[in-house]
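Residue numbers (the working numbering), protein chains in the order written: chain A, 1 to 287; chain B, 1 to 252; chain C, 1 to 322.
Quick caveat, the hints were computed from the structure, so don't treat them as lab data.
If you're wondering where the values come from, they're calculated on a predicted model, not measured in any experiment.
Careful: at least some of the hints might be erroneous.
[Said to hold, decoys possible] The calculated lysine-lysine pairs, modelled on DSS-like cross-linking and capped at a C-alpha distance of 30 Å, are: (1) B:LYS229 / B:LYS245; (2) B:LYS143 / B:LYS200; (3) A:LYS162 / A:LYS278; (4) B:LYS47 / B:LYS229; (5) A:LYS278 / C:LYS86; (6) B:LYS75 / C:LYS212; (7) B:LYS229 / B:LYS75; (8) B:LYS199 / B:LYS143; (9) A:LYS128 / A:LYS162; (10) A:LYS128 / A:LYS256; (11) A:LYS278 / B:LYS152; (12) B:LYS200 / B:LYS75; (13) B:LYS199 / B:LYS229; (14) C:LYS212 / A:LYS278; (15) B:LYS47 / B:LYS200; (16) A:LYS162 / B:LYS152; (17) B:LYS143 / A:LYS162; (18) C:LYS197 / C:LYS212.
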Amino acid sequence: MQALYAQLLVGLINGSFYALLSLGLAVIFGMLNIINFAHGALYMMGAFVAYFLLNIFGIGYWPALIIAPIVVGIFGMILERTMLQWLAGLDHLYGLLLTFGLALVIQGVFQNYFGSSGLPYSIPDELKGGMNLGFMYLPIYRGWVVVFSLVVCFATWFLIEKTRLGAYLRAATENPTLVRAFGVNVPRMITLTYGLGVGLAALAGVLSAPINQVRPLMGENVIIVVFAVVVIGGMGSIMGSIITGFTLGVVEGLTKYFYPEASNTVVFVLMVLVLLVKPTGLTGRAA
Amino acid sequence: MPDLKMADAAARPAANSPAAAPVLSVSNLQAWYGESHILHGVDFNVKAGEVVTLLGRNGAGKTSTLKSVMGIIGKRTGSVAFNGQEIIRAHSDRIARMGVAFCPEERGIFASLDVRENLLLPPIVREGGLSLDQIFDLFPNLKERLNSQGTKLSGGEQQMLAIARILRTGARFLMLDEPTEGLAPVIIQQIGQTIARLKKEGFTILLVEQNFRFAATVADRYYIVEHGKVIDGFANADLQANMDKLHTYLGV
Amino acid sequence: MTVTTDDSIAVPPRAVHDEMVAFAIMTVLLAIVPLTGIYPFFVMQALCFALLGCAFNLLIGYGGLLSFGHAMFLGTAGYVTGHALKVWGLPPELGILVGTAASAALAVITGVVAIRRQGIYFAMITLALSQLLYFIYVQVPFTHGEDGIQGIPQGYLFGIFNLSNATILYYVVLVGFLFGFLLIFRTINSPFGEVLKAIRENEPRAISLGYKTDQYKLLAYILSGTLAGFAGALKVFVAQNASLTDVEVAMSGQIVLMTLVGGLGTVFGPVVGAFVIVAMQQYLSGLGQWVTVIQGSIFVICVLTFRRGVIGEIAHFFRRSL
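Only chain A is shown next, with the shape it has when bound in the complex (with noise of 0.2 Å):
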């Protein structure tokens, strides 16, 4: 039983990582109408930010959840500027094409100078340990994971749903020749729009830091799975990315429990599912 609860928290902590970069990647794609490819990789960078931030400046974990989506965000943002931009016009498969292929100029320059074994990232001392809940042993960082990827995630939500700026975002998103016209730097929003969404992959990347370890590879095998998360959900609504990357997780969770060789297929397979039945997603908006 207590194997089950284990899986259980795996999967909800694979979760957060899902809801997190298909959050990011919903946010992009909104606004660019781009599938950035390359979020993978960035994710990927966070993860190597916050490990450059400890070992070269001795700058640790707290300072790293603030400082990495901030570098990483504004190294998207100049991917924006000086490469996607210029998509505009265009079909929507070359973004998909062009963020493929920075996904594997930045993940072969990591893998170059640090080959595919990964680098240790320790837990901080303030979140290590762990409690004895009597149904399982819960250990504390696993559990801070999900807890606060849940709080960016709401918060992620309540910024774009609820708020005036989130306003800005959602008419942009809608039609933004017209908000242009009213006298808002569209071209700026986004910009910063493409850097809220690396951001909060590089967020999962420091997040993941401490339980997957540093690799160069670590995105790569991470976006096939948050596609089918995005085809599944929908892209249409945020908090349809937020809940089907929780669900999702905690479904592979269990399927790793119940039927281990079905673990890594679970997630396509059920992809294939919805398609079958409700092509747009269960969130329902069209593509």
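Chain A is fixed; fit chains B and C onto it per the hints.
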């Protein structure tokens, strides 16, 4: 009647001063949408405090003209001067910030925003825009529907909202694209009254209308647009004299 | 992708005569390869990838669908043909048939699922489907997982042609490539091809004209997948193994890359692109992971500044159809 007077009275232009340059001066405006050449040389002007109407059939190029002035059409050449400044190369956000407000034909009410968010969205570009209270005096329905999703409003209410939100910005030059399209006569009357009020307060308005009977109630001057060019123009005083021409041009 | 204005994937106008001349030139050049000193193994590999690229290109250039999972057809045919030859002892012609049939079946199954979405979603779905298949292949015993199927016998084609002879094998692969190429050529010049083109340019209009566009797209997808499988089956004889590398995401990425470099939507683009990419793999293999960086950079540069690809630019410059 609630007072719509602007805080900065000096900002109101002297409408009948002969020396006053036109607020908007368009000359040989040509525009392309992708590969198609849609405007072939549009010439007209709008003086301060006037209501000028562009008349013409469907597809004549009236909406394209407004969009070109606003800077949201792909490629344009020629000259568009706003308050003496050339804006043919400018991006739409800069044009808006200069004091030009645009109310598109499809109204553009955002579905993912509620009425309040729609209303507050366009940023203030000049001092002296209408306050929320003044807006609710003009359009009482909006106050009751503040929390409704933008597109749940009726056609007429959406039109009110589209006009209301640009009045808040402080822009003094308004471009309204077919504000009465598809609306009930009662609402059309309301809109006519609103435009008359705005004109009285010194707004300059460029109107696109197919319904020239409505236009006649507010316009000072008309231009006829056909095949992407301005082919004729006359003042409201000469409307009766030009009725036959109008019938030919508009096919009504 | 509905309207061919400047913002859709650029497909140049066609002139069949130009293409037939180019085809003749290409065939002659390829036919004399064994007489030159060029390493036939390299050219054979390139030919298999060229056919793979052409099959992929059929789908994107004429169907308007970007498949990011085409490796699954390559790999599936490779595994099935390899298994058929090595374990069941089938003769080469039947091995190829079985492998191609397996890919066709896969194309039908995945097509039914994937065609339900358009554009970007279609790309993501094909990617996820091929990843699903990858994980299945990792676990299923007959693929031998990380080791792959090794030492696949080449045998005698039709009992006569000794495929262990490099020159004979080369001509067999060449014939296979030309057959596949001509099949694609015939398809895009047929009424079916015309309908596909109409769908790619303006799908709503095609629907309003009464065409069941989903069926046409599905057919194009199945044809594309089947031919990709055929290329994969041929490749088994060249490489004599079938491994996970052929089903990885990276492989799908290479397929996209070679078509992009050569020229999306051109007839000969994928061929040129395949030769470029295979050459790169050969000569840059010492650079390790820098190859990934280079390929990624090529993607980026091509998308930003070189969208027509090599053949596309040449065709545009000379105002010919290639």
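- Task: Return the numbers of the hints above that this structure violates; sort them in rising order.
- Result: 5, 6, 9, 12
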